[in-house]
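Trainee: The primary structure of each chain is shown beneath.
2 protein chains.
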Amino acid sequence: MTLNSLLLNAKDVATVVERIGRDSVMDGLIDRLTRTIRGLHSQKFQAPERAGFSYEEPEWGLLEWMPAYFQNDGTTVKLVGYHPGNPEARNLPSVLSTICVFDTSSGGLKGLVDGTLLTALRTGAASAVASRVLGHPDSTTLGIFGCGAQSVTQAQALSRVFPIERILAYDIDPHTAATASERLSFIGRPVELFSTAERERMLERCDILCTCTSAEPGTGPVLPEFDPRDHLHINAVGSDFAEKLEVPVDLLRKSLVCPDFRGQAMVEGECQQLSEEEIGPDFCELLENEERYHSHRSSLTVFDSTGWAVEDHVAASFILELARECGVGQDVSLDNIAPDPKDPYSMLGNPTAASPASGSRVAVVTTS
Amino acid sequence: MTLNSLLLNAKDVATVVERIGRDSVMDGLIDRLTRTIRGLHSQKFQAPERAGFSYEEPEWGLLEWMPAYFQNDGTTVKLVGYHPGNPEARNLPSVLSTICVFDTSSGGLKGLVDGTLLTALRTGAASAVASRVLGHPDSTTLGIFGCGAQSVTQAQALSRVFPIERILAYDIDPHTAATASERLSFIGRPVELFSTAERERMLERCDILCTCTSAEPGTGPVLPEFDPRDHLHINAVGSDFAEKLEVPVDLLRKSLVCPDFRGQAMVEGECQQLSEEEIGPDFCELLENEERYHSHRSSLTVFDSTGWAVEDHVAASFILELARECGVGQDVSLDNIAPDPKDPYSMLGNPTAASPASGSRVAVVTTS
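Listed in order, the protein sequences are those of chains A and B. Counting in my numbering, the first sequence runs from 1 upward without gaps. Counting in my numbering, the second sequence runs from 1 upward without gaps.
To be clear, the hints were calculated from the coordinates, so they are not data collected in a lab. Every value quoted in this text rests on a predicted model; they were computed, and no experiment measured them. A couple of the hints might just be wrong.
Partial pick of chain A residues on the chain B-facing surface, computed with a CB cut under 8 Å [to be verified]:
#: 1; residue: Glu59
#: 2; residue: Thr116
#: 3; residue: Ala149
Derived, one-sided and incomplete: chain A residues facing chain B with beta-carbon distance under 8 Å [said to hold, decoys possible]:
#: 4; residue: Leu7
#: 5; residue: Leu63
#: 6; residue: Pro67
#: 7; residue: Asn72
#: 8; residue: Asn86
#: 9; residue: Pro93
#: 10; residue: Cys100
#: 11; residue: Phe102
#: 12; residue: Ser106
#: 13; residue: Leu117
#: 14; residue: Val152
#: 15; residue: Thr153
#: 16; residue: Arg183
#: 17; residue: Gln330
#: 18; residue: Ala338
#: 19; residue: Asp343
Every residue, glycine too, gets a C-beta built ideally from N, C-alpha and C.
Work out the full structure, taking the sequences as your base and the hints as a guide.
Mentor: Here you go:
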């Protein structure tokens, strides 16, 4: 048996998305993520809290692993680095990631995918999935608070599942704000930009709000006090580290707060600000018993999105399938099989550099 | 900045080893591993116990991650699967692994290496490094108990650092025993095979013994009672799972037992059989204060080798360097860099499949 491993670098992922279509990929991912989470109760799965290295030397950084095992659907480990010095020191993104997908039966590597675009796609899709349960179905006004990379797929994903007519956008950085409309233009909705002085007015108009900022830990929550619409649903995407907070605790306490993954959200998400009893249903419970939560569509709700390994698994498996259909990517077959599994050298030719006396001194004596 | 990631599949690793020479690679690895472990106190590093998924469905298997961070030398995560049903069900090895090496400063992926041959190489090298401290320098008779894949590099590595004149070999499986001489022939030492009835006599002749069996957990220890030479040094390689044991506890208690990694060895290694006070210095202590332990060269010693992420890191980094010198492997540049780090879609061309009304409905309204 040969194990075929498909490698998709960032350009390959972009090519697949371009060929299939940005919206078709997003729609497919929203659908796949919904069905996977709904079906989790029917198979064994394990997805522990992410863990990793946090270090100060040679410079401040994180390298984390996010593993997810599924009885029927493969096993995925996402390896993700966060190195905030990258943009200035190396002209590299601060977040770099690689997603490894394994066959659960054999442990063979099925695919390796660059995680940059996939992370944005799955985070957008997750907000759409949660918002479809908790957001008001007639939501027409979408707010985007923080206009970096994650905002693009948030705005896209929400526009795919709600009758969004306008996007209201704010960023603290003037350049990021000024270029936001261009990044969001493909969504086909008018974008209104707001200044810092105007941002409360913006927040008060939103039916759905996505917060996707990258504030320093300890400086938040970044949202100012404002008077929300009765049915406001917030997707809080930016909180993914201890003391990195976006939503004021008063607003959280008035809302049904649903974490993607309870244990992780209590350490890294908005749920840091809440006691256990103040936290609502998690992603699994929300989708398994969807009707139970529809009454919350007319009141305040928050999806506390810290990023869940299950989402990475679904996104990577989906893009690998699409890539195989499109014939994109390199077949790298990392796990080539040796002719004699008992001889680690059996893939080499005849030995050419053994010990000096090789050959002449070999004598096999059997005493048994 | 472009990140160049080098991918080495199993055939690439074999090609590098063939070009450089099996013994030159082993010698280099023994040297590199010695220097790295000796120098660990001078830099920050973290190498937690391996963790992973253990599951019964769809069939019994393990998928584990073995991470190691180094302040100055990169960060490595080995992903390793153990699926004992592979040989029969799929004609695949039971152990498959992939080693990912990252740049610690940026988190960028530097290399991906198939781990099969590397695991055998580093396990052999580790035994040589430990044996050089603890084994009798005049050791001429090497015992190999269990003649599968790991035995090949054990016998090779020990023959590189001791004046080995003969290899005594035993395996419970007649076919594995019968083919052992062929696998070991490149080492250039006579191989004497022993039957089950003769194995105590074999064990009693050894100066150094490597146990590398794969007995079922709960059925060991696999070594019979025997009367060892006064200075016998054992490299116990096969114990790497709860209740998987090779060395009888009486023999352990008469020996200085040195684990590669204390926390892991107490859970998975021979040290499971000992209390904390009965365990000797670990690999770091052994190499940092080598002279302190030379007196043990004339008495009983055991190196409890469970497999340490530091060894995988050294082996993968070394083979990646050699591969670059040889021009072997694929440059896969997994982390291609998008033109606009704030736009996850910026590696795509112009949008071609946006929402139906794309373009005509785009209107940018700035209110700030």
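Trainee: It remains to establish, for every hint, whether it holds in the given structure.
Mentor: To see whether the hints hold, each was checked on the structure:
1. Glu59: holds (6 Å)
2. Thr116: holds (7 Å)
3. Ala149: Hint on Ala149/A: holds, closest Cβ of chain B at ~5 Å, below 8 Å.
4. Leu7: holds (6 Å)
5. Leu63: Hint holds; Leu63/A Cβ to chain B Cβ min 5 Å, cut 8 Å.
6. Pro67: holds (7 Å)
7. Asn72: Where the cut-off is 8 Å and the nearest Cβ of chain B is about 7 Å from Asn72/A, the hint holds.
8. Asn86: Because about 6 Å separates Asn86/A from the closest Cβ in chain B, which is inside the 8 Å limit, the hint holds.
9. Pro93: holds (5 Å)
10. Cys100: Holds, about 6 Å.
11. Phe102: holds (6 Å)
12. Ser106: holds (5 Å)
13. Leu117: holds (5 Å)
14. Val152: Result: holds, 6 Å to nearest chain B Cβ.
15. Thr153: Holds: closest Cβ of chain B sits about 6 Å from Thr153/A, inside 8 Å.
16. Arg183: With a closest approach of 5 Å, the Arg183/A hint holds.
17. Gln330: holds (7 Å)
18. Ala338: Interface hint status for Ala338/A: holds (7 Å vs cutoff 8 Å).
19. Asp343: holds (5 Å)
In this structure, every one of the numbered hints holds.
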